[in-house]
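Use the sequences and the hints to build the structure in full.
Protein chains: 2
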Amino acid sequence: MTDLINQGKTAGKLVEFGMLQNIAEDDVQHKNDYKTLFQGQGKILLALSDNDDLSQRDLAERLNMTPQSLAEFVRKLEKRGFVSRRKSTNDKRVIIVSLTEEGRLETQRRTQIIPKYLRVLNDEELQQFNNILDKINGQMYLDIKDADPTLHNKYHQLMLNHVLTKIRTDSKDQ
Amino acid sequence: MTDLINQGKTAGKLVEFGMLQNIAEDDVQHKNDYKTLFQGQGKILLALSDNDDLSQRDLAERLNMTPQSLAEFVRKLEKRGFVSRRKSTNDKRVIIVSLTEEGRLETQRRTQIIPKYLRVLNDEELQQFNNILDKINGQMYLDIKDADPTLHNKYHQLMLNHVLTKIRTDSKDQ
DNA sequence: AAAAGTAATCAGGTGTACCTGACAAAATAT
DNA sequence: ATATTTTGTCAGGTACACCTGATTACTTTT
Chain A
1 MTDLINQGKT
11 AGKLVEFGML
21 QNIAEDDVQH
31 KNDYKTLFQG
41 QGKILLALSD
51 NDDLSQRDLA
61 ERLNMTPQSL
71 AEFVRKLEKR
81 GFVSRRKSTN
91 DKRVIIVSLT
101 EEGRLETQRR
111 TQIIPKYLRV
121 LNDEELQQFN
131 NILDKINGQM
141 YLDIKDADPT
151 LHNKYHQLML
161 NHVLTKIRTD
171 SKDQ
Chain P
1 MTDLINQGKT
11 AGKLVEFGML
21 QNIAEDDVQH
31 KNDYKTLFQG
41 QGKILLALSD
51 NDDLSQRDLA
61 ERLNMTPQSL
71 AEFVRKLEKR
81 GFVSRRKSTN
91 DKRVIIVSLT
101 EEGRLETQRR
111 TQIIPKYLRV
121 LNDEELQQFN
131 NILDKINGQM
141 YLDIKDADPT
151 LHNKYHQLML
161 NHVLTKIRTD
171 SKDQ
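Going line by line, the protein sequences match chains A and P. Take 1 as the starting number for the first sequence in the numbering used here and just add one per residue. Take 1 as the starting number for the second sequence in the numbering used here and just add one per residue.
Please keep in mind that the hints were generated in silico from the structure rather than gathered at the bench. Among the hints, erroneous ones may be present.
Stated by the list, open to error - Listed below are the simulated DSS-like cross-link pairs for lysine-lysine, each with C-alpha atoms no more than 30 Å apart in a straight line:
hint	chain 1	residue 1	chain 2	residue 2
1	P	K9	A	K116
2	P	K9	A	K135
3	P	K79	P	K92
4	A	K79	A	K92
In structure tokens:
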């Protein structure tokens, strides 16, 4: 019972956290697409930063979207200079998508930004927060696998693991 | 230096956290509009749950959007049965927007859901998480105020405080 | 009573994330 | 060599969150 109360309190704070992140983005830093990090174009950048030179088909599969949607986003990313497309030589149907240098920078910019607000935590709290996020994220992976055990999603999750392992590693390495 | 490394690690986990929340929403629980909680129609529900019977003008101001946008969202919410509109008697120009019972339930559903993943935290961790979120959120409020000290945003923030205080209180009271 | 505000509305637009259906070109299977 | 499968494209669509400009109806100011 006490559990529920405390969980509720925390849940409220998480809502608050989400909202504040949202506002900070809208009003403060004009271009920090936190919300678009995991969708559409952003998703593609993440996937490519994990594994460059993928075909559109492959990307679409990994990202769980139709090839048409994928193509659209890739076109937009190309227009923005973040990816390049070239025909595969083995199979002249396939188009290989790669990150440009610009795109690589953009991806880093998007994922490796250390939110300013983390600076208010001291070492101990940071450590606690880390553990907590590990636990929570672990549970969410399980929940996702549980609720949606399709093949696609296995790929999907696999990719996420890779992407995010990389992000974690990168920021650790800096 | 060690600080930066740890902050980076945590930042990565936060990215992961955001992503997982996103996927869990897409694929698992089909209708948990977490991402639309603080935008458009969702924002309006939140504002009304804090302070019912507001004029459209008032809502638009509090929510930092144009009256036209506001009107559009209110229309949509009305269509979905979440709000009702009635003419003010004092001023026949203004339209008072109120939550219906449905709308009130919907708002609660959206904000008071206790994420399942919180159950993996024990009492101590929950307590730690609470403190951490308080600190972080407090800092974000400051950052927002700092970066954007317009009148609108003061109102905006005020409203948020109210809304979220209420949410916090509600979940505590349960 | 006329002028100046104010609260809405209508009309039309932008950008983003998706989707379906139809089809061409290339690769593979028979 | 023909049939089938696969990769990608084109065309067109939905839904959502916004926005600007013009206009109507009502209120307040002068």
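Hint by hint, here is what the structure shows:
1. K9/P with K116/A: Since the Cα atoms of K9/P and K116/A sit roughly 14 Å apart, the hinted pair holds (cutoff 30 Å).
2. K9/P with K135/A: With Cα atoms ~14 Å apart, K9/P and K135/A stay inside 30 Å; holds.
3. K79/P with K92/P: Answer holds: K79/P to K92/P is near 23 Å, not above 30 Å.
4. K79/A with K92/A: It holds: about 23 Å lies between the C-alpha atoms, which stays within 30 Å.
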